[in-house]
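Build out the structure end to end from the sequences listed, making use of the hints.
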Amino acid sequence: MTINGQEVYAEKGANLIDAARANGIDIPTLCYLKGISQPGCCRVCLVEIEGARNLAAACVTAVREGMRVLTNSSRVRRARRRVLELLLYEHHTECPVCPREETCELKRLAIQYGVRPARVAAKRAGRRIHDRNPFIVRDYDKCIKCRRCEVVCRDVQGVGALTAIHRGFGTVIAPAFETDLGEAACISCGQCLMACPTAAITEKEYIHEVFDVLDDPELHVVCQTAPSIQVSLGESFGLPPGTVVTGKMVAALRRMGFDRVFSTEFAADVTIMEEAHELLERLEGHGELPLISSCSPGWVKFCEYFYPEFVDNLSTCKSPQEMLGALVKSYYAEKEGLDPDKIVVVAFMPCTAKKFEAARPELVSDSRRDVDYVLTTRELAKMVRLSGIRFHELPDEDFDAPLGIATGAGVIFGAAGGVMEAAIRTAFALTEGEEMGRVEFHKVRGLQGVREAEVELKGRKLKIAVANGTRNAKRLLDRLKAGEHFDFLEIMGCPGGCIGGGGQPILPTLSKKERAAEIRQRRAEALFSIDLRRELRRSHEHPAVKKLYEEFLGRPLSPKAKKLLHTTYTRRTRFPELREEAKPAAAQAPSPMLQ
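Note that our numbering gives residue 411 to position 351 of the sequence shown, counting from 1, and the numbers run on in steps of one.
Careful, some of the hints might be misleading.
[As the list claims (entries may be wrong)] Computed cross-link-like contacts, BS3-like style, restricted to lysine-lysine with a CA-CA straight-line distance of at most 30 angstroms:
1) Lys-534 to Lys-523
2) Lys-623 to Lys-402
3) Lys-521 to Lys-503
4) Lys-402 to Lys-607
5) Lys-503 to Lys-518
6) Lys-264 to Lys-395
7) Lys-534 to Lys-521
[To be verified] Label pairs and their in silico Cβ distance ranges:
8) Lys-607 to Glu-578: 52 to 60 angstroms
9) Gly-317 to Phe-229: 43 to 51 angstroms
10) Ile-225 to Gln-508: 34 to 42 angstroms
11) Asp-86 to Lys-402: 21 to 29 angstroms
12) Glu-422 to Lys-607: 26 to 34 angstroms
13) Glu-512 to Glu-348: 14 to 22 angstroms
14) Leu-299 to Gly-345: 19 to 27 angstroms
15) Arg-450 to Lys-72: 51 to 59 angstroms
16) His-346 to Arg-188: 47 to 55 angstroms
17) Thr-153 to Gly-509: 21 to 29 angstroms
18) Arg-124 to Ala-224: 25 to 33 angstroms
19) Ser-618 to Asp-86: 17 to 25 angstroms
20) Ala-224 to Ala-604: 49 to 57 angstroms
Simulated from the structure, these hints should not be mistaken for laboratory data.
Every value quoted in this text rests on a predicted model; they were computed, and no experiment measured them.
The beta carbon of each residue, even a glycine, is placed where N, CA and C say it ideally should be.
Structure follows, in structure tokens:
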């Protein structure tokens, strides 16, 4: 076939966009996601085909032998400009203050094709914003109806919380009855946000609230950072994916004014101590098998909505984020002689579902919210810029002791398979002896949707599996329902685990599925490289964790540990009008994220 006068070859059955890209020619699009979404609705990818009267949408036009295509003729350029003008007509244009100002695909194309707001007719009146939840904001006047969010929610995550409602100019992509996402069967994973080309879906920001508490001299403000942020934050400052910026991140947080900078990795080690003992206890017949990990709040919510019959299989361990919050307001406060009511815990996470998790009524210790504010990787990058900090010029600094020290096992929590590997490392050592305690379990590593393995523990062969992305979780759970046996499952709500979370930097080439997978792979490799460089690589070897149990908790699964570090879950129905939400008791502190 011929593209712009150049003879090229393409795979039979490919569409024009992929054929052109394979030959170094770019065709713009706002709705197409290779391998995921091919709706042909944005019409930005229009091309001219010899012999055809009308322009064709390249994403839904298959190549054929002898086809002659023009992707950059004057007719094509005029049509694309007109399409972009029509999209901007419905789009609430506020680029200078828009949260997606730097990564908005619509803005990039408008600039590329010379479309200016002055050429566009008056914008539609009225802004419809849904933000009655602590995690995601929907701005319907910025939606261009590309339907990426709908396809990712339905086909990648297997949730289906979003769909097209009404027709014509009145069309909106929303939950049923245009309810807020907090009132729908939404798992708050944020993958719709990652797919959105504009700012129609954004995380609910708490940047200024956190700056306010930092300015209050009466408060002791502590922050914690998730493992995966140290290998993704650098992307917001122009560094390659997978660049480890741990030291600079810690230095930036100190300069913002946080009284202590702790690592969620410490609590990941504590989680492993509790979860490994819980696994061994369940293998003795005390609890449901398989034991299923509970570190991912998006997955937990998916289980509560779509597979409530497996709620009892969930580990009762709180996530590392919540464990660290509980320990800061109890163990740390006691050691430092601080009033827990004057401590504010801020968590920087790669995940929008963590915002939902922090607001759950179950996650309260001694009538205090475990974590007060949750901000994403993107919000952390904004805070660094707002503080006037030159990130590249910062020295490398260490986390504060004792809740900033961690083993390699705590680090790998950020990648799919990491929780499983960390738990098996400790469970193996506890049952087989230190000298036989293996460290590497490569069979559970990798970004494939589902990975399975067998491991011998206490003379018994355990069947284990790892799934990332809730659609893959669905496949695994359906096998369980059909009678297949597993002993231990790790499930992460987002593709690749936390490295692909809904709070991570927006991928500039999201339309290229391979590029997104490559970036997640680089982040995962960076985490495992940190693990390799750690002197201690198993959670039970952590001296600060040992001291925590000796001085405060007693032992794993002790009454005190269960009170502070374990939780319960809520069986939910997919239909909001029938749901009876668990209400926080009067004595429980309301989340500041909901105020």
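Now the hints, each set against the structure:
Under the criterion of a C-alpha separation no larger than 30 angstroms, the hint pairing Lys-534 with Lys-523 is consistent with the structure, at around 18 angstroms. For a cut-off of 30 angstroms, the pair hint linking Lys-623 to Lys-402 stands: about 21 angstroms separates their Cα positions. For a cut-off of 30 angstroms, the pair hint linking Lys-521 to Lys-503 stands: about 15 angstroms separates their Cα positions. Our distance criterion of 30 angstroms between C-alpha atoms is met by Lys-402 and Lys-607, whose separation comes to about 25 angstroms.
Note on Lys-503 and Lys-518: the hinted pairing holds, with a Cα-Cα distance of about 19 angstroms set against a maximum of 30 angstroms. Using a Cα cut-off of 30 angstroms, the hinted pair Lys-264 and Lys-395 is violated, with the two alpha carbons roughly 34 angstroms apart. Distance hint between Lys-534 and Lys-521 is fulfilled; the C-alpha atoms sit about 24 angstroms from each other, no more than 30 angstroms. For the hinted restraint 52 to 60 angstroms between Lys-607 and Glu-578, the CB-CB distance of approximately 41 angstroms leaves it violated.
The supplied range of 43 to 51 angstroms is met by Gly-317 and Phe-229, whose beta-carbon atoms lie about 48 angstroms from each other. A hinted range of 34 to 42 angstroms holds for the C-beta pair Ile-225 and Gln-508, which are about 35 angstroms apart. Taking 21 to 29 angstroms as the suggested C-beta distance range, the pair Asp-86 and Lys-402 does not conform, at roughly 55 angstroms. Judged by the Cβ atoms, the range 26 to 34 angstroms given for Glu-422 and Lys-607 holds: they are separated by roughly 28 angstroms.
Restraint check, Glu-512 to Glu-348: a C-beta distance of roughly 20 angstroms satisfies the suggested window 14 to 22 angstroms. Under the hint 19 to 27 angstroms, the C-beta atoms of Leu-299 and Gly-345, about 50 angstroms apart, miss the expected range. Look at Arg-450 against Lys-72: about 52 angstroms separates their beta carbons, and that is inside 51 to 59 angstroms. In this structure the hint that His-346 and Arg-188 lie 47 to 55 angstroms apart at CB holds, the actual value being about 51 angstroms.
Checked against the hint of 21 to 29 angstroms, the pair Thr-153 and Gly-509 fails, with Cβ atoms roughly 39 angstroms apart. Roughly 31 angstroms separates the CB atoms of Arg-124 and Ala-224, a value that falls within the hinted 25 to 33 angstroms. Look at Ser-618 against Asp-86: about 60 angstroms separates their beta carbons, and that is not inside 17 to 25 angstroms. For the pair Ala-224 and Ala-604, the beta carbons lie near 52 angstroms from each other, so the given range of 49 to 57 angstroms is met.
Checked against the numbered hints above, the structure breaks hints 6, 8, 11, 14, 17, 19 and satisfies the rest.
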